[in-house]
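Participant: Below are the chains, spelled out letter by letter.
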Amino acid sequence: MRWQNAKVTRILRRSETVSSFFFQLPVPFAFAAGQHVIVRLTAPDGYRAQRSYSIASPPDNGPIIELAIERLNEGEVSPFFHDVVEVGDEIELGGPIGGHFVWNVADGGPVLLIGAGSGVAPLVSMIRYRARAGSDIPMMLLFSARTKQDFLFGDELSQLARSDDKFKLMLTLTRDPDPGSGVFSRRIDAEMISEAVDRIGANVSHAYVCGSNAFCDRASDSAIAAGVLRDVIRTERYGV
Amino acid sequence: MATRGFLGRRSGGDESTRERLPPGQFLETGFPVLSAGPTPQVKAEDWRFKLKVGPRVLQEWDWTSFNALPQTRMTRDIHCVTTWSKFDTAWEGVLIDDILAEAGIEPPTGFTLAHSSDGYTTNVTVPDLVGGKAMVALRYEGLPITPDHGGPARLLVPHLYFWKSAKWITGLQFTQKDELGFWELRGYHRYGDPWLEQRYTDD
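Protein chains in written order, with my numbering: chain A, 2 to 241; chain B, 3 to 205.
What the hints contain is simulated information worked out from the structure, not anything from laboratory work.
Small disclaimer: the values here were computed from a predicted structure and weren't measured.
Treat the hints with care, as some may be off.
[Unchecked claim] Computed footprint of chain A on chain B, listed as stretches where at least three residues anywhere in the stretch have a Cβ under 8 Å from a Cβ of chain A: (1) 38-46; (2) 122-129.
[As the list claims (entries may be wrong)] The following residues of chain A were derived to be distant from chain B, with all beta-carbon distances above 10 Å: (3) S53; (4) H101; (5) A107; (6) D108; (7) R187.
In this text, a Cβ means the ideal position worked out from N, Cα and C, and glycines have one as well.
All chains, please: the whole structure from these sequences, using the hints.
Facilitator: Right, here's the structure in full:
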């Protein structure tokens, strides 16, 4: 693992519990959309804690990478980011890592992305990468969030869906009293995924599911029930 | 370099807890699940376990015949590369020693690949499998292993990071050399000793 001290250049609040942290890499690395990095914190006595975070920025973003970090109150690393880290701090990063939950334009499509909460981060990297590459590969993001405020990257994703007719967005808000029109208000199920698949022309060749373990099981089982082939589904299970 | 403002919550607990935790690990009381795809639903009646040398099948068991092999209990601490550890996990299954004895063979090479029903593989050397160190586990805490934890049968090699303990195991294949498995080809360490913190390829 190659480690480097990356400077925090910007902190952007994305919801009540999620903020994006932008890091300047002294030694920029090539990575594939969907990969993650390891963040390693060291206490004065040498004690260390490390966690994995998916990269939300696209691969061709130069020396800056973006990590969307959700505050988990019982956690040790994420509260440190939210409560202590400031612009200008140096944080040790290792990576990139992970060669399974990745997508390249050359892999083709149609691509079905299913994410919940901060699990959308690696999917956002794929979406941005495809958009920057000027690709017309059909791609659908089915995003499950609790409320409107938790629709991370919402403006950017909505705008892309309006301007690019090969990129589709479906949103479900599971705990919003007023989800709004065109938005689902239930947990992801086979029916919802059938509709998503229909909208990108069936024959999904790659499906990426990211979120909690329970979400990944539910979403991938629903995708299989909706006719997506088991072998094309890749999961990234967030958790401990 | 110390990280500005980071003190660490520590693993908590007493000194004996800290001594049992490999470097960079924290104690988890739940049992998190990590896997790379949908959870396979393997029925016990459809399950097979193959012992192979290269492409050649030495012996094959079905659920009934595998359960008829000597059953051993093993209670061990487990360590996931994602930094959680769990103490005193209680498993029951068939020691690799007993599988080899039943097949009537000495290990023909020093290396194996474990295979799973979803196509997952992981490499484990023979010395890490024999001498009572590893088993094909069939029960966890006295009950059948649930699908999300690798049921009906998973490999258990508790002294290595837990990705080596392949879920949904369907066979063990002796290989001529140390061939890398699924995660080992994707940036994770060839051997994976938690006490040496061998998490990634060059650690």
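Participant: Could you run down the list of hints and mark each one as holding or not?
Facilitator: Against the structure, the hints:
1. 38-46: It holds: at least three residues are needed, and the stretch 38-46 of chain B offers 4 whose Cβ sits within less than 8 Å of chain A.
2. 122-129: Check failed, 0 qualifying residues.
3. S53: Violated, because the least Cβ-Cβ distance between S53/A and chain B comes to about 6 Å, which does not exceed 10 Å.
4. H101: Label violated. Min Cβ-Cβ 5 Å, cutoff 10 Å.
5. A107: It holds; A107/A is separated from chain B by about 18 Å at its closest Cβ, greater than 10 Å.
6. D108: Answer for D108/A: holds, closest chain B Cβ roughly 16 Å.
7. R187: holds, 21 Å
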